[in-house]
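Visitor: Sequence:
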Amino acid sequence: MKILLITLLTFLSSNVSLAKTNMPPHIHGEDLVGFLMEDFNDDGALDKAVLVRGNEDVDLYIYLSDDSGEMKLVVYNSGIVWSGIMYGTVPSLTQHPKTKSIILEAGNQAIGRGRWIQKLTISYRDDEFVVSGFTHESYDTLDPENSHSCDYNLLTGKAVVDKKPAKLIKKHITLEDWDQALLPEVCIQ
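When the letters of the sequence shown are read in order and numbered with mature numbering (1 follows the signal peptide of the UniProt record, and there is no 0), they come out as residues -19 to -1, 1 to 170.
It is possible that some hints are incorrect.
Using 35 Å as the maximum straight-line C-alpha spacing, the simulated DSBU-like pairs for lysine-lysine come out as follows [as the list claims (entries may be wrong)]:
| id | residue 1 | residue 2 |
| --- | --- | --- |
| 1 | K148 | K79 |
| 2 | K100 | K148 |
| 3 | K53 | K151 |
| 4 | K79 | K144 |
| 5 | K144 | K53 |
No wet-lab data here; the hints were simulated from the structure.
My request is simple: use the sequences and hints to build the entire structure.
Guide: Below you can see the structure in the form of structure tokens.
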């Protein structure tokens, strides 16, 4: 609990970084959906990713520590994923233990019969954040045969669609430019 409080205070005290950009000038604590503090760019310093509630979605802010230890906003994506307000519908952030990539998970595991989960893998490559992977699984709680899955490595084009290997187009999409509409239709059925 103490670490969580210190991390939250660190985040809230660093809003000055936002004021120096053309991003929203202030984030209110009640709009904070999630955050992750890890070393994303392998420089030995802690960085942070922050999810902030929008209307029916969340915005993602990523900060990197500079040489003086101050965190600077380096990338922002507005409305990156859908968000509900109850358990099973609120997005979360984790870090892949080996690659240090950020995993942004969103979905609906709580409401209605159409359930789904989506994961964006966000990697730091060549001094920028890119969306390197997209995973989507959906199913109907009343019709178990009605399901769909897509696991797509955007950097290689390799995919598994409905449990079958597939070759899709390689894509280089920066986090700033990410929009789900850029995906092949087979991945977003």
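Visitor: Sort out whether K53 lies within 35 Å of K144, counting only the CA atoms.
Guide: 41 Å, violated
Visitor: Does K144 sit within 35 Å of K79, going by the straight-line distance between their CA atoms?
Guide: 24 Å, holds
Visitor: Need the status of pair K148, K79: alpha-carbon distance at most 35 Å?
Guide: 25 Å, holds
Visitor: Is the hinted pair K100 and K148 satisfied, with a Cα-Cα distance of at most 35 Å?
Guide: 19 Å, holds
Visitor: Would you check the hint for K53 and K151, treating anything up to 35 Å between C-alpha atoms as holding?
Guide: Roughly 30 Å separates the two Cα atoms, so the pair holds.
Violated hint: 5 only; the structure is consistent with all others.
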